Amino acid sequence: MPDDIYAELEWRGLIHQATDPELGKLLTEEQFSLYCGFDPTADSLHLGGLIQLLGLRRMQMAGHRPIAVMGGGTGLIGDPSGRESERTLLEPDVLEQNIAAIRTQAEKIVDFTPGPAQATMVNNADWLRALTLTDFLRDIGKHFSVNQMVARDSVRNRLQNREQGISFTEFTYMLLQSYDFLHLYRELNCRLQIGGSDQWGNITYGIELIRKVTGGEAFGLTSPLIKGLGGAKMGKSVSGNVWLDPTKTTPYRFYQHFINVEDTRVGQFLRFFTFLSRTEIVELEARAREEPQRREAQKVLAREVTTLVHGAGEAARAERASKALFGSDIAELEEGELLDVLADAPSSTLPQTILRSGTSLIDLLIGAGLATSRKTAREFIGGGGVYINNTKQTDIERTVGEGDLLHGRYLVLRRGKKNHHLVNFG
RNA sequence: GGUGGGAUACCUAAGUGGCCAAAGGGAGCCGGCUGUAAACCGGUUGCGUAAGCUUCGGAGGUUCGAAUCCUUCUCCCACCA
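Our numbering puts the first residue of the first sequence at 33, with every later residue one more than the last.
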């Protein structure tokens, strides 16, 4: 084990808590099998899950063996950690689909091909569903004290919350995840679990269970949660969750999301989301301080992460599109370029005949989904936020005719700085 | 099973007969400054060009007039059993 992976993670700010101060040393001395669980509550991971995948990969590059655990069994129950309301239970077949989707995402980041540090993937449904209630209560439940369990933050909050209680189902969740760890410890000699800091409680319970049942020693390592990654706010103009699935978040949007990262956080993001070396990152941070207006750190960040998740081809495309959309004159583009640049933008098709007599800009905006009502469409135009082919429009009465089309059939609508829409008059 | 409390726009939360299309805050959106950043400033967030129309958990009623009063239904919470 040549690299000091712990020091590396620490430098990147990826260590929130570790269960043992000796862990760093141990990781340089012996090979570990380590696991991270992935919750199949959706058919794609988002950026928080990406950090964990990258964590597994970083460990793998340091010679350790990652195990990606799909929560097919725990997903049936629902993890109350960090949540203030009860989860909706998922149907087993939905879980299956979600797991399949997440599996392909994991395979892009972590290396599952044979080798000394080969990664494996398992589904905890395989062992959890085989458990019988009586065995579970005798062999696992016996090791947990309810007194301790109710003292946990995630449980206590829900117990004290006047609006939301906690069901027995979710209350039991932590036992299941603990059992996962025990199972992996026994079957795959897995001695380390990593996860977001919200998993600390679940992880330490697992370690304790392993100690009580087998007398063995296991470890836990958590990374900080980045505020806003789950879909809350993160940068003013970026909305919604950022998914790894290209059909849920297009590569262009994905790329843009990182381009828009605030100056104050771009360094942190480079450390969290890329495999760039220390020297490269330090260099980029320095340049970001000196010439922030060039946004070089953001550009490198966006390219790196988009490449990791969507591949070099998509990253290059997103980069080209960004340059064209924010830099050059759209009307100058060749037809092929135009279509390529707007490939990820929403688009719609309308019959060209409606342009004969001219059709109103307001209607086009609504049709394109860039405005929800005539009233708001008027406000956008009046406020100077609407563009046709990147030319600002201020006339509320503006109508669009055949003369406005690019290459005889395209119209690029834009609302605000970042929302483009391609209308194809076929 | 009993008792009490509650349901208001994206979220939170005021409003308890007309001055309410509904305060305040958060969040979003558009604009300005800049650098596709932050901070800040301005505007905006039911529909309609407008007159006006439709909204305050659902249904019905009282009234000239209801988010506000009455009846009933649904759901949520707390305490007691």
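A portion of the hints provided could be inaccurate.
[Unchecked claim] With a cut-off of at most 27 Å between alpha-carbon atoms, the simulated DSS-like pairs for lysine-lysine come out as follows:
| no. | residue 1 | residue 2 |
| --- | --- | --- |
| 1 | LYS174 | LYS140 |
| 2 | LYS407 | LYS424 |
| 3 | LYS244 | LYS140 |
| 4 | LYS244 | LYS280 |
| 5 | LYS407 | LYS449 |
| 6 | LYS450 | LYS355 |
| 7 | LYS449 | LYS355 |
| 8 | LYS424 | LYS449 |
| 9 | LYS331 | LYS355 |
| 10 | LYS407 | LYS450 |
| 11 | LYS407 | LYS355 |
| 12 | LYS407 | LYS331 |
| 13 | LYS331 | LYS449 |
| 14 | LYS450 | LYS280 |
| 15 | LYS280 | LYS355 |
Hints were generated in silico from the structure; no laboratory data involved.
From a predicted model like this one, the values you see are computed outputs, not experimental measurements.
Consistency of the hints with the structure:
1. In summary, the hint linking LYS174 to LYS140 is not supported, as the alpha carbons are separated by about 40 Å, beyond the 27 Å threshold.
2. Distance restraint check for LYS407 and LYS424: the Cα-Cα separation of roughly 19 Å lies within the 27 Å cut-off, and the hinted pair is therefore satisfied.
3. A distance of roughly 37 Å separates the Cα atoms of LYS244 and LYS140; the hinted pair therefore is violated under the 27 Å criterion.
4. Our distance criterion of 27 Å between C-alpha atoms is broken by LYS244 and LYS280, whose separation comes to about 44 Å.
5. For the hint pairing LYS407 with LYS449, the CA-to-CA distance comes to about 20 Å; that is within 27 Å, so the pair holds.
6. For the hint pairing LYS450 with LYS355, the CA-to-CA distance comes to about 12 Å; that is within 27 Å, so the pair holds.
7. The suggested pairing of LYS449 with LYS355 holds, with an alpha-carbon distance near 14 Å, which does not exceed 27 Å.
8. This hinted pair checks out: LYS424 and LYS449 have alpha carbons roughly 11 Å apart, not beyond 27 Å.
9. In summary, the hint linking LYS331 to LYS355 is supported, as the alpha carbons are separated by about 11 Å, within the 27 Å threshold.
10. A distance of roughly 21 Å separates the Cα atoms of LYS407 and LYS450; the hinted pair therefore holds under the 27 Å criterion.
11. Between LYS407 and LYS355, the direct Cα distance comes to roughly 32 Å. Violation of the 27 Å bound is thereby established for this hinted pair.
12. Under the criterion of a C-alpha separation no larger than 27 Å, the hint pairing LYS407 with LYS331 is inconsistent with the structure, at around 37 Å.
13. Taking the CA atoms of LYS331 and LYS449, the gap is about 18 Å. The hint holds against a cut of 27 Å.
14. Straight-line distance between C-alpha atoms of LYS450 and LYS280 comes to about 18 Å, which keeps the hinted pair within the 27 Å bound.
15. Between LYS280 and LYS355, the direct Cα distance comes to roughly 23 Å. Compliance with the 27 Å bound is thereby established for this hinted pair.
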